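Engineer: With chain A fixed as given, assemble chain B onto it according to the hints.
There are 2 protein chains.
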Amino acid sequence: MKTQEAMVNAFIEGAAELDEATAALIAQRKALLGPAYRLMYERPLHFVRGEGVWLYDPDGNAYLDAYNNVTSVGHCHPKVVEAIRRQVGILATNTRYLHGAVLDYARRLLATMPSEIGHLMFTCTGSDANDLAVRIAQAHTGGKGIIVTETAYHGITQAVSEFSPSLGENVDLGVHVRTVPAPDSYRSENVAEEFTAAVRAAIGDLRRHGIKPALLICDGIFASDGVFDGPAGFLKRAVDAIREAGGLYIADEVQSGFARTGEAMWGFQRHGVVPDLVTMGKPMGNGFPVAGVAARPEVLADFGAKARYFNTFGGNAVAVAAASAVLDVIEEEGLLENARTIGRHIKEGFQALAGRHACLGDVRGAGLFLGVEIVSDRAGKTPDAAAATRIINGLRDENVLISGCAKAANVLKIRPPLVFTRENADELITKLDLVLQRLS
Amino acid sequence: MKTQEAMVNAFIEGAAELDEATAALIAQRKALLGPAYRLMYERPLHFVRGEGVWLYDPDGNAYLDAYNNVTSVGHCHPKVVEAIRRQVGILATNTRYLHGAVLDYARRLLATMPSEIGHLMFTCTGSDANDLAVRIAQAHTGGKGIIVTETAYHGITQAVSEFSPSLGENVDLGVHVRTVPAPDSYRSENVAEEFTAAVRAAIGDLRRHGIKPALLICDGIFASDGVFDGPAGFLKRAVDAIREAGGLYIADEVQSGFARTGEAMWGFQRHGVVPDLVTMGKPMGNGFPVAGVAARPEVLADFGAKARYFNTFGGNAVAVAAASAVLDVIEEEGLLENARTIGRHIKEGFQALAGRHACLGDVRGAGLFLGVEIVSDRAGKTPDAAAATRIINGLRDENVLISGCAKAANVLKIRPPLVFTRENADELITKLDLVLQRLS
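As they're listed, the protein sequences go chains A and B. For the first sequence, our numbering assigns the number 567 to the initial residue and increments by one for each residue that follows. For the second sequence, our numbering assigns the number 567 to the initial residue and increments by one for each residue that follows.
There may be inaccurate statements among the hints.
If you anchor each label on the Cβ, the simulated ranges turn out as follows [said to hold, decoys possible]: (1) B:Ala951 / A:Ser681: 39 to 45 Å; (2) A:Ala582 / B:Glu682: 32 to 38 Å; (3) B:Lys645 / A:Arg673: 32 to 38 Å.
Keep in mind that the hints were calculated from the coordinates and are not lab data. Nothing here was measured: the structure is a model prediction, and the numbers come from that model. Ideal Cβ placement from N, Cα and C applies to all residues, glycine included.
Pulled out of the complex, with its shape left as it was, chain A reads as follows (with noise of 0.2 Å):
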């Protein structure tokens, strides 16, 4: 068995000393928690209050959020505060009761999507809107067949685990599961085509073993894999791939959907294709937990005439509210717009960092989903893991939070909130250069 620090970025225990009451706390979620949870950061952070774009630790300390992509429109935005400590106090029941906001909240969120897609049924985590996602993609093709890539994650429950191959060597693949590279546009020139080539050998490798392919699921942008946003349109003929072979294509838009990219309300849209099954999640509550799968309505339908789907929380009136008040936000304060300004802010900032600092050897991303990957020889391009984990803790200690992905585990991962503003940006730049400078 291999050590079981897959995540990039884990806390590990004796690596670094903690202060007395962070040694506590650690103590008590080892004896209350048991051993499968994980926290980041060589030394963890203790956070009691959130506003905006800050965290606060006990002492009052604030820290500059450039990660959380769940609490997108900033920690307790108040009017997405408002929305939930309103609906609370009236009613959360269930979907086998009529509900108008349930109806009226699918029908503006499916209007930001392509008119081919007409369903959105709600669940409560990413996890089981990839999950609910598979079973109607499975009933549809009647295949098993599934290509992820090979850092990819998709989520936690048993069947979404089997092809989220980022959770580590220690939790198998389905033997229905075939992975791909990642879109590496740091390292090919032929992304489009060498990635079309993969699914191709894989869609012909699952046939070799009698497995009909269901399904190529992807990130709008390529997140655990190493924030690979490649360029517009690579991934259509990946998806013409699947579709000819009776397959469909899920975007996963866990990551990369709602205004992240700052390009369009998802990620698939830079890619000119329409996917079959779109799966939504962290931020569509602002923190309040509700998920949500879209479907082409034909799709849908053979899942529909065999099985019936309920979730007891996913899209009650409260889950409904706050997802609404999300979307009030996101167009009242152009956050779309600002996340494409203050990324391309981000982005140029940390490029003209990369022409002192030679370990950042490529920056990438989209919008306010970025990511920098840190290398120890440029002409090489050789991942540079302990170099990126320095830098991840060094920003931590000057009070920034970002994290790390990648197979190689080398890549900054940096998803600020979506109302982050140019002041917060040049913290950001500057400190990353602050620790970039003491790291060489």
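Structural biologist: Chain B alone, transformed into the frame defined by chain A:
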């Protein structure tokens, strides 16, 4: 393919005349949410407000809720509402940072369980909890085989739907799943013996097919099977059998937990056995999405050594605030005792009705989790699903909410909020009497 309506008390289009507003909402639902959703009742209900044991339709008509066990301490309980309102404005992050409240809650919840159970993990739904519990059990035992009762419902993820036979014949059971008859105390004098023999036979059949048994999962009170509480202690020998075979016993307390049985905090406690894993959900946050898995530490160790578990919303500070408030209310309002005394009062009332209405074949259950078996012939104990449907819809027309369950779809399922008063109970009994009079 069989008809899709495996769900007891499902709305069936065209079965009854609907008013215009209801028909319009249903048409919108179908268009927006697609074909997999189900409504309850011949004439579905539309609720806009809830308070205590009451749900209100848009015209202000009050319905007595004797069914919803999610809002277990009453719709919009002021103390739970206040806890959510407070915390939602302070912080809602996740378990990759330290937070004291999740630990305080885990300590408090675990104190309600036998001392052998030492860890608590957080999910959002009971489905996720059962999905995680199975992953833990399979990691610990090295087996895959699952034994469930033949009309069990344990959840909706792909893995869990494979051992939730109540979803209907069109949702395939897993090849590693075996079903045993429910412990039908109405038709058997020897529930313990027969149930144990069936579990032993299922173990043998799994092995005969080369499948190592991993677990037996049972509701504290067998819910969708027909609200079978059985004689206290009857489960013990079946648990012994699965353990002898190297498998674990998972107690599904999603419905029977949190004081519902009136006897103890957890349904399994009536059997004098300590489970290996306990799953919980629906009433845990009184409508706020929160659920969990409690585990013996030695059982969780193998999973924790191999895999990490992260549930984005599971155990966040708002979920924990809601869940803590629920425990406060159960204690402060004496709801365990209320479930016992009011449950007994209802049971006695139903038993009295059974003296006058021959179709009430059996009245069973514990606390505020009651089942009434409807039969066409007492001597033959012949299930009468049509009469059960008429009673459920008759009560709905009298503004009282219950539903149905069981393999033969002939059992009234009654699960009022734990704050049900004697007056509420008398109204339920009186109206059932009225509906039964009309039926005969």
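Engineer: Can the suggested window of 32 to 38 Å be confirmed for the beta-carbon pair B:Lys645 and A:Arg673?
Structural biologist: Hint holds: Cβ distance 35 Å, inside 32 to 38 Å.
Engineer: For the range 32 to 38 Å, tell me whether the beta carbons of A:Ala582 and B:Glu682 fit it or not.
Structural biologist: Given about 34 Å between the Cβ atoms, the range holds.
Engineer: I want to verify a distance hint. Is the separation of the beta carbons of B:Ala951 and A:Ser681 within 39 to 45 Å?
Structural biologist: Holds, at about 42 Å.
Of the numbered hints listed earlier, not one is contradicted by the structure.
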